[in-house]
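Asker: So the chains spell out like this:
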Amino acid sequence: MIHADNVTIAYPFAEPSVESFSAEIRTGENVLLLGPSGSGKSTLALAFQGILPRSVEAEVSGRLNVFGENPAAKSITEAASQAALLFQDPETQFCMPTVREELAFTLENLRVPADDIEVRMIEALQFTGMLPWIDARIDTLSGGMKQKIAVSCLAAVNPEVWILDEPLSQLDPVSRETVAALLGRIAADPDKTLVVIEHQLNEVMEWVSRGIILNRNGQVTADGSPGRIFYSHAALLEAEGVWLPAPAEAGKKLLRKTEITTAALPVTLREWETFAAAHPITEVLASLPQPKQGGEPSQKPPVLEVKRAASAYGKHTVFENVSFSLYPGEMTALVGANGAGKSTLARVLTGWEPLKKGTVYVNGQDIAGLKPYEIAKTFGIVFQQPEHQFLMPTVEEEIRYGMEIAGWCEEDIVQHTNELLIQFQLGHIRKNHPFRLSQGEKRRLSVAVMVTNNQSILILDEPTFGLDKRNADALFEVLEQCRRRGKAVLWLTHDMDLVYTKAARILALAERTIAYDGSVEAFFNGSMDLEKIGVRLPAVQLMRLKEGDGHA
Amino acid sequence: MLEELQTREAFLQQVHPTLKLLSLFTVFFFMIFIYDIWHPLAVLLLTVAAISFLGKVPLKLLLILLLPFALFGFSFVWLQVVFPEERGATVLFYVFHMPVALENIQTGVSLGLRAMVFASWSLLFVLTTSPVSLVMSLIQKWHMPPSIGYGMMAAYRFLPQLRKELVVIRRARQIRGMGSKPRMREWKEAGVPLMAGAVRKAERTALAMESKGFDGSRKRTRYVQMNYKKTDVWFTAGFILFITVVFLLPLS
Chain A
1 MIHADNVTIA YPFAEPSVES FSAEIRTGEN VLLLGPSGSG KSTLALAFQG ILPRSVEAEV
61 SGRLNVFGEN PAAKSITEAA SQAALLFQDP ETQFCMPTVR EELAFTLENL RVPADDIEVR
121 MIEALQFTGM LPWIDARIDT LSGGMKQKIA VSCLAAVNPE VWILDEPLSQ LDPVSRETVA
181 ALLGRIAADP DKTLVVIEHQ LNEVMEWVSR GIILNRNGQV TADGSPGRIF YSHAALLEAE
241 GVWLPAPAEA GKKLLRKTEI TTAALPVTLR EWETFAAAHP ITEVLASLPQ PKQGGEPSQK
301 PPVLEVKRAA SAYGKHTVFE NVSFSLYPGE MTALVGANGA GKSTLARVLT GWEPLKKGTV
361 YVNGQDIAGL KPYEIAKTFG IVFQQPEHQF LMPTVEEEIR YGMEIAGWCE EDIVQHTNEL
421 LIQFQLGHIR KNHPFRLSQG EKRRLSVAVM VTNNQSILIL DEPTFGLDKR NADALFEVLE
481 QCRRRGKAVL WLTHDMDLVY TKAARILALA ERTIAYDGSV EAFFNGSMDL EKIGVRLPAV
541 QLMRLKEGDG HA
Chain F
553 MLEELQTREA FLQQVHPTLK LLSLFTVFFF MIFIYDIWHP LAVLLLTVAA ISFLGKVPLK
613 LLLILLLPFA LFGFSFVWLQ VVFPEERGAT VLFYVFHMPV ALENIQTGVS LGLRAMVFAS
673 WSLLFVLTTS PVSLVMSLIQ KWHMPPSIGY GMMAAYRFLP QLRKELVVIR RARQIRGMGS
733 KPRMREWKEA GVPLMAGAVR KAERTALAME SKGFDGSRKR TRYVQMNYKK TDVWFTAGFI
793 LFITVVFLLP LS
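Top to bottom, those sequences are chains A and F.
Residues in the first sequence are numbered consecutively from 1, following our numbering.
Residues in the second sequence are numbered consecutively from 553, following our numbering.
Rather than coming from a laboratory, the hints here were simulated on the basis of the structure.
A couple of the hints might just be wrong.
Said to hold, decoys possible - With a cut-off of at most 30 Å between alpha-carbon atoms, the simulated DSBU-like pairs for lysine-lysine come out as follows:
| no. | chain 1 | residue 1 | chain 2 | residue 2 |
| --- | --- | --- | --- | --- |
| 1 | A | K442 | F | K716 |
| 2 | F | K740 | A | K469 |
| 3 | A | K300 | A | K377 |
| 4 | A | K315 | F | K608 |
| 5 | F | K716 | A | K315 |
| 6 | F | K753 | F | K608 |
| 7 | A | K377 | F | K716 |
| 8 | A | K469 | A | K546 |
| 9 | F | K716 | A | K357 |
| 10 | A | K371 | A | K307 |
| 11 | F | K740 | A | K371 |
| 12 | F | K608 | A | K431 |
| 13 | A | K442 | F | K753 |
| 14 | A | K307 | A | K532 |
| 15 | A | K356 | F | K716 |
| 16 | A | K307 | A | K357 |
Stated by the list, open to error - Some but not every residue of chain A turned toward chain F, in silico, with C-beta under 8 Å:
| no. | residue |
| --- | --- |
| 17 | A80 |
| 18 | S81 |
| 19 | A84 |
| 20 | T92 |
| 21 | M96 |
| 22 | E108 |
| 23 | C153 |
| 24 | A376 |
| 25 | T378 |
| 26 | H388 |
For glycine and all other residues, C-beta sits at the position ideal for the given N, C-alpha and C.
Chain A with its partners taken away, still in its complex shape:
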């Protein structure tokens, strides 16, 4: 089906991003392409479809055949009807305003006769369960629904090869599960070949049958069944900062303690059950990450106090009766389903949006009476898009900026800037333009610029979005340092695995109010109705529960 022999791809004026890639992918296989960011996975995806080098300028050498022919030599229509691409960003995959128009656009491109378009459109939307939204405007749909519409477009085309470039990475856990399940149904079809790039592995492992690991230079370093290559290349993957599925991660730890040798790591929950059964339960439980303990209640006065807050857009109440306090040195995760009002709450806390009822006290003062610069002195707010906050032409000046405005003396500025550059591992790129950094570096810089003013509260919106494991770990190391220095850190997130291991306290928004405020352990131990809150159990907790059942 896909036959690559010594394929090397280089963008103009750059080192090759893929080097001598060779692989033979057969019909019906479901292949996972794995590697650190910058290993050329997306480049390969574009090349398989032929867009690169047809429309994306790049030098391709070696031999690449899809359906026995070089994809770039095919017409756009032919290439698109044989191999379809699904991209990660749900916002930029459409060109028409409504679902119906987008599907019509797709099918018209492929010259499907006008009489057949309606039928294929409806079939595709039935497959994804999106038929009721056929006349909806795409920009009114949630991210997960948009991605389902994108899947519908592929289903309508019905190609033999599905190339999926991080289809889940920008979705919340609930949508991730449904989209992954849809793709799983395609994967189960023996006539369909799937090539998937993803670092949210827990969901896709259910149907992936083969993994290909690329290294930093885009060379193939391992190729085989996922469990086997995770086992044989564990050290390399760890060094490259690639996420492993949770069962494999725990399995790796478990093996370190025992004499048992094995050929493969478990990659799904089911495999984990069998795998763990061979080990004593105490060791199994010890191999799973522990939730962080909520420390002693703080003796200090709260930095932020919310009292019976309510917010509304017109007649629609977003939340009401929200009361909680944040104390210095606390690491709190704010969770909740899409649209539960997490972002609105964050805006209210920082005085961006007025409250309908109630009060927010910052260090004892009512926020409504504070000026924007007074608020900025108390809060560090890290937005989802790091670029939005960059003002200066170099990393160093970016960090200095806040201190300069605050009127620090040059000596202090230089000293503190150097400290931050080291703490955030940005020293080697201090003269670079902030826009040209990698995603992980941008995110670290956006936090670094927020802690220059000694704000007492740090609020982050989805801080690990799109980061690989190494960058996510580095970021949390920094946040942990901030916390230890007495800042209250609050982050909005969908990622329950992260909450499980990194947060000490959880605030959950559901049914228009705070549905939970307490320790991480109690949140996930089964007493909470997580379905109602719209979150999923983290994979490690599922594994823990399975273990409990299995041995009981």
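Using the hints, position chain F against chain A.
Answerer: Chain F in isolation, oriented as in the chain A frame:
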């Protein structure tokens, strides 16, 4: 709001967009030869009536939309009175010792009404035509290249997104800058991340369109045929009658 109006079940919304566009140009053309007050007034009233009855657009909304144009139109009256090329003979009254002549008022009102006619016909077009049907008609009937037509559609989708993003960027920068920056500079600087983001989005969308098989050629099937229908015959007949009665008959 706008979309809901554009897709309402009413006569004008059913008319082929190309015909509405042609009628717009025709009216603009004939207005060139009009210098009196009564013709533009009649056209304006008829247009407003047509939009509200045949397009089912609430009259109140229409008048609100026309209000800024009315102010603009009034500025012509003011200009003609204060700075006339040639002051008229029939002085009606004095404002602070300045003579106000009937002829100058007439010219001003005529020019002002002409601006209002342009505005109202433009509204007739904009309020009753959805962008998708316009682009589809232009591609199918006026041979616009699909690459331009669909490109415009993709760009149109970006507009609301850009506006939302600008709000976020401004807030993000305000937090950084401690809310103490001069406004003009702030706007200019917010444009950089906005444009950087827009270029990236545009690239991604272009890739997505090509991956869906869009090659920009005219070889494509048509899910919706933008053909001329009975409504279009009625519209054309009505429009010709209107042009004849208002513009052509008085000339002969």
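Asker: Taking the hints in turn, state whether each one holds.
Answerer: For each hint, the structure was consulted:
| no. | hint | in the structure |
| --- | --- | --- |
| 1 | A:K442 - F:K716 | holds, 22 Å |
| 2 | F:K740 - A:K469 | violated, 36 Å |
| 3 | A:K300 - A:K377 | holds, 20 Å |
| 4 | A:K315 - F:K608 | holds, 27 Å |
| 5 | F:K716 - A:K315 | holds, 21 Å |
| 6 | F:K753 - F:K608 | violated, 37 Å |
| 7 | A:K377 - F:K716 | holds, 25 Å |
| 8 | A:K469 - A:K546 | holds, 25 Å |
| 9 | F:K716 - A:K357 | holds, 26 Å |
| 10 | A:K371 - A:K307 | holds, 20 Å |
| 11 | F:K740 - A:K371 | holds, 24 Å |
| 12 | F:K608 - A:K431 | violated, 61 Å |
| 13 | A:K442 - F:K753 | holds, 18 Å |
| 14 | A:K307 - A:K532 | holds, 24 Å |
| 15 | A:K356 - F:K716 | holds, 22 Å |
| 16 | A:K307 - A:K357 | holds, 9 Å |
| 17 | A80 | holds, 3 Å |
| 18 | S81 | holds, 6 Å |
| 19 | A84 | holds, 7 Å |
| 20 | T92 | holds, 4 Å |
| 21 | M96 | holds, 6 Å |
| 22 | E108 | holds, 5 Å |
| 23 | C153 | holds, 6 Å |
| 24 | A376 | holds, 5 Å |
| 25 | T378 | violated, 11 Å |
| 26 | H388 | holds, 4 Å |
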